[in-house]
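Sequence order for the protein chains is A and B. 14 is the number of the first residue of the first sequence in the working numbering; add one for each residue after it. 14 is the number of the first residue of the second sequence in the working numbering; add one for each residue after it.
Because the hints were derived from the structure by calculation, they are not lab data. Fair warning: there could be bad hints in the mix.
Identical copies carry no separate label here, and so any pair may be met within one copy or between two of them.
[Stated by the list, open to error] For lysine-lysine, the following DSS-like pairs were computed, each having C-alpha atoms within a straight-line distance of at most 27 Å:
hint : residue 1 : residue 2
1    : 133       : 303
2    : 264       : 119
3    : 133       : 264
4    : 92        : 303
5    : 133       : 306
6    : 98        : 195
7    : 309       : 98
8    : 95        : 328
9    : 309       : 115
10   : 336       : 92
11   : 117       : 360
12   : 375       : 133
13   : 328       : 18
14   : 133       : 309
15   : 174       : 95
16   : 115       : 95
17   : 133       : 119
18   : 181       : 195
19   : 92        : 216
20   : 382       : 98
21   : 92        : 188
22   : 133       : 336
23   : 98        : 336
24   : 98        : 328
All values derive from a computational prediction rather than experimental measurement.
2 protein chains.
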Amino acid sequence: MFDFKLEATDGLARAGTFTTPHGDIQTPVFMPCGTQATVKTMAPHELEEVGAQIILGNNYHLHIRPGSELIRDMGGLHKWMKWDKPILTDSGGFQVFSLNHKVKIKEDGVQFNSHIDGSKHFFTPESVIQTQVNLGSDIMMVLDECAPGDSDHRYARQAMKRTHEWAKQSVDAFKKLADPEKQTMFPIVQGVIFDDLRAESAKFMASLDTKGVAIGGLSVGESTEDMYRILDVVNPHLPTEKPRYLMGVGKPENIVEGVYRGIDMFDCVHATRLGRHGCFWDYTGRHSIKNAKFAKDETPLLSSLDNFASSGFSKSYIHHLIKANEVLGIRLLSMHNLAFLFDLTAKIRQAVIDGRFEEFRKEFYDSYKIKN
Amino acid sequence: MFDFKLEATDGLARAGTFTTPHGDIQTPVFMPCGTQATVKTMAPHELEEVGAQIILGNNYHLHIRPGSELIRDMGGLHKWMKWDKPILTDSGGFQVFSLNHKVKIKEDGVQFNSHIDGSKHFFTPESVIQTQVNLGSDIMMVLDECAPGDSDHRYARQAMKRTHEWAKQSVDAFKKLADPEKQTMFPIVQGVIFDDLRAESAKFMASLDTKGVAIGGLSVGESTEDMYRILDVVNPHLPTEKPRYLMGVGKPENIVEGVYRGIDMFDCVHATRLGRHGCFWDYTGRHSIKNAKFAKDETPLLSSLDNFASSGFSKSYIHHLIKANEVLGIRLLSMHNLAFLFDLTAKIRQAVIDGRFEEFRKEFYDSYKIKN
Numbered sequence: 014m015f016d017f018k019l020e021a022t023d024g025l026a027r028a029g030t031f032t033t034p035h036g037d038i039q040t041p042v043f044m045p046c047g048t049q050a051t052v053k054t055m056a057p058h059e060l061e062e063v064g065a066q067i068i069l070g071n072n073y074h075l076h077i078r079p080g081s082e083l084i085r086d087m088g089g090l091h092k093w094m095k096w097d098k099p100i101l102t103d104s105g106g107f108q109v110f111s112l113n114h115k116v117k118i119k120e121d122g123v124q125f126n127s128h129i130d131g132s133k134h135f136f137t138p139e140s141v142i143q144t145q146v147n148l149g150s151d152i153m154m155v156l157d158e159c160a161p162g163d164s165d166h167r168y169a170r171q172a173m174k175r176t177h178e179w180a181k182q183s184v185d186a187f188k189k190l191a192d193p194e195k196q197t198m199f200p201i202v203q204g205v206i207f208d209d210l211r212a213e214s215a216k217f218m219a220s221l222d223t224k225g226v227a228i229g230g231l232s233v234g235e236s237t238e239d240m241y242r243i244l245d246v247v248n249p250h251l252p253t254e255k256p257r258y259l260m261g262v263g264k265p266e267n268i269v270e271g272v273y274r275g276i277d278m279f280d281c282v283h284a285t286r287l288g289r290h291g292c293f294w295d296y297t298g299r300h301s302i303k304n305a306k307f308a309k310d311e312t313p314l315l316s317s318l319d320n321f322a323s324s325g326f327s328k329s330y331i332h333h334l335i336k337a338n339e340v341l342g343i344r345l346l347s348m349h350n351l352a353f354l355f356d357l358t359a360k361i362r363q364a365v366i367d368g369r370f371e372e373f374r375k376e377f378y379d380s381y382k383i384k385n
Numbered sequence: 014m015f016d017f018k019l020e021a022t023d024g025l026a027r028a029g030t031f032t033t034p035h036g037d038i039q040t041p042v043f044m045p046c047g048t049q050a051t052v053k054t055m056a057p058h059e060l061e062e063v064g065a066q067i068i069l070g071n072n073y074h075l076h077i078r079p080g081s082e083l084i085r086d087m088g089g090l091h092k093w094m095k096w097d098k099p100i101l102t103d104s105g106g107f108q109v110f111s112l113n114h115k116v117k118i119k120e121d122g123v124q125f126n127s128h129i130d131g132s133k134h135f136f137t138p139e140s141v142i143q144t145q146v147n148l149g150s151d152i153m154m155v156l157d158e159c160a161p162g163d164s165d166h167r168y169a170r171q172a173m174k175r176t177h178e179w180a181k182q183s184v185d186a187f188k189k190l191a192d193p194e195k196q197t198m199f200p201i202v203q204g205v206i207f208d209d210l211r212a213e214s215a216k217f218m219a220s221l222d223t224k225g226v227a228i229g230g231l232s233v234g235e236s237t238e239d240m241y242r243i244l245d246v247v248n249p250h251l252p253t254e255k256p257r258y259l260m261g262v263g264k265p266e267n268i269v270e271g272v273y274r275g276i277d278m279f280d281c282v283h284a285t286r287l288g289r290h291g292c293f294w295d296y297t298g299r300h301s302i303k304n305a306k307f308a309k310d311e312t313p314l315l316s317s318l319d320n321f322a323s324s325g326f327s328k329s330y331i332h333h334l335i336k337a338n339e340v341l342g343i344r345l346l347s348m349h350n351l352a353f354l355f356d357l358t359a360k361i362r363q364a365v366i367d368g369r370f371e372e373f374r375k376e377f378y379d380s381y382k383i384k385n
């Protein structure tokens, strides 16, 4: 279980299959965020319809509400939310730092107040493994300290060292608490935007006895250039036989560039958040459906995609739904944006297998115009 | 086209079939409200899945945004919103009065400001037929004056007389503007809660050359007792060969009592609005899913209903979704509440056909507890 089979490479780009108790994941893969045990606006069968292979849950949010014990008592996260394909749960380290003001970092863990009711909580490397065992996700993440993108070298190093110490404790906690046939765990490379720290962190995380490695802290305000450079620094130190997961990224162009730099797994709230804000992607770029030019546009969002959101309704109708604040509008755009990313990753995978990824990347930029 | 075949009666209760260009409607029927060209939170295929036979659109809302001409240019309401079963459109008379403060009633129509952008509009009996011809609904409604439930007899009579005059003009406008093979039109009985006015209005509307008759002004603040009494007053004056539509009603118990008093068609926003407020119906009554007793309830909303909202998820999970303000929660409750009303009307219809409606009504109240 949790074997990663590398099926093709093309430059640094990789195509593989990761085996989990809830099914195989073909990489490169984009994983939609089901933060509160639901991918926003979508039903599980719709995720299957558009081709989701694995979704995320969030240990921070589910610990706060309704609590991991309740989900365990209801049969675990898969059964509770009716999703029987793989689930990856983030440890909640990132959310502790991004959603809370009163965070106290201690040597043995992190203290914070709930963003819902202000109640006090304490996460340790072991406690987040325990709560993720309660959730029953296929892939658990370790507790890390996600230092801000503008941290200085001294603080970035301190946070990285703590993250390494916690990662070691997590490996011990995993051995103590988890069944390795049912769950696995990825550590997280940190080091902010400092090349020396990132290289050190990558080597350290690569040395741990885990089935995959994640790269964190690259969606917290640093520039796209920094992100791509850090990937160039990190990837040579990561073992080829483990899947590499770039956390919290991305946009279509980030996925193309991530794969180009050896990444296998991606997640991001952007696809569904864009949908809730009235935006959609196609192979020419990102668009706002509210634009007046769509009011009488009888074409669908993307006719080549065979799902009811992408090809079932006209842009004219969706333009109206979004202007009128109707839920169906954000449902259709969220679903389409996910379908688009799944189509993109499937095309990327095929290009890698066919040994024409470089060509694909050029073609992509010929038609896709990046907006910031 | 637009034939009504009365298939069974049991006391005053009726079971029939109404033929339209977009398919047959088996009555009694509950019609979900698709006010802004979407039944809130739901996709068209989900409406079909739970058994919707006909939905409503609203001429007021669609005239204001995006305009009936745009919808006509996009191929009509059915094609635009991807619903190929029957559609009934309300004239917007009710919305003019309920959504606007600056309403000026004139002999030839009603002037009002848009609740969206304040722009000035004028509805006449003929103009609302024209816009409904643009929309292409199967059943159009006449412009009426929906006087407040606390109007005195003098004002109620004046509004009724105006409504009668407008109904006559509507019949003329219909002959001039509409294709009777594609669309039909119902007039609306008014008269507030005054028995003499309601009887007079029923006789008048019954005398017009239309394929059905509606009863309006019974969901604007009057008591349930007044509503049921008015139905007793009105129905003897309505022709048996035309379907009778009670506008803006109802709750499950209102539907049972409406059918008991000879009503064939119902609509109401209540089912989906309740869903958005975290409530659901089953055959024991109305419940709030937020109630703590549902936090660990592993049973579905109603296992006897075969759709993913009613029987696909536990109350525990839906309790969480609603507490966490997740769209999937309001989707599931809205869809379930509609499924429940369709199940209820199907059971009522079968009871009428089997000549055991009185018994069904008693059984219903044995289990269903009414809350106000």
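Results for each hint:
no. : hint      : in the structure
1   : 133 / 303 : between (42 Å within a copy, 24 Å between copies)
2   : 264 / 119 : neither (34 Å within a copy, 56 Å between copies)
3   : 133 / 264 : neither (35 Å within a copy, 44 Å between copies)
4   : 92 / 303  : between (38 Å within a copy, 21 Å between copies)
5   : 133 / 306 : between (50 Å within a copy, 25 Å between copies)
6   : 98 / 195  : within (13 Å within a copy, 48 Å between copies)
7   : 309 / 98  : between (39 Å within a copy, 23 Å between copies)
8   : 95 / 328  : between (31 Å within a copy, 13 Å between copies)
9   : 309 / 115 : neither (50 Å within a copy, 31 Å between copies)
10  : 336 / 92  : between (36 Å within a copy, 19 Å between copies)
11  : 117 / 360 : neither (44 Å within a copy, 60 Å between copies)
12  : 375 / 133 : neither (50 Å within a copy, 53 Å between copies)
13  : 328 / 18  : neither (41 Å within a copy, 40 Å between copies)
14  : 133 / 309 : between (52 Å within a copy, 24 Å between copies)
15  : 174 / 95  : neither (39 Å within a copy, 57 Å between copies)
16  : 115 / 95  : neither (35 Å within a copy, 50 Å between copies)
17  : 133 / 119 : within (15 Å within a copy, 63 Å between copies)
18  : 181 / 195 : within (21 Å within a copy, 73 Å between copies)
19  : 92 / 216  : neither (37 Å within a copy, 59 Å between copies)
20  : 382 / 98  : neither (34 Å within a copy, 41 Å between copies)
21  : 92 / 188  : within (25 Å within a copy, 58 Å between copies)
22  : 133 / 336 : between (41 Å within a copy, 20 Å between copies)
23  : 98 / 336  : between (35 Å within a copy, 25 Å between copies)
24  : 98 / 328  : between (32 Å within a copy, 22 Å between copies)
This entry does not satisfy hints 2, 3, 9, 11, 12, 13, 15, 16, 19 and 20, going by the numbered hints stated previously.
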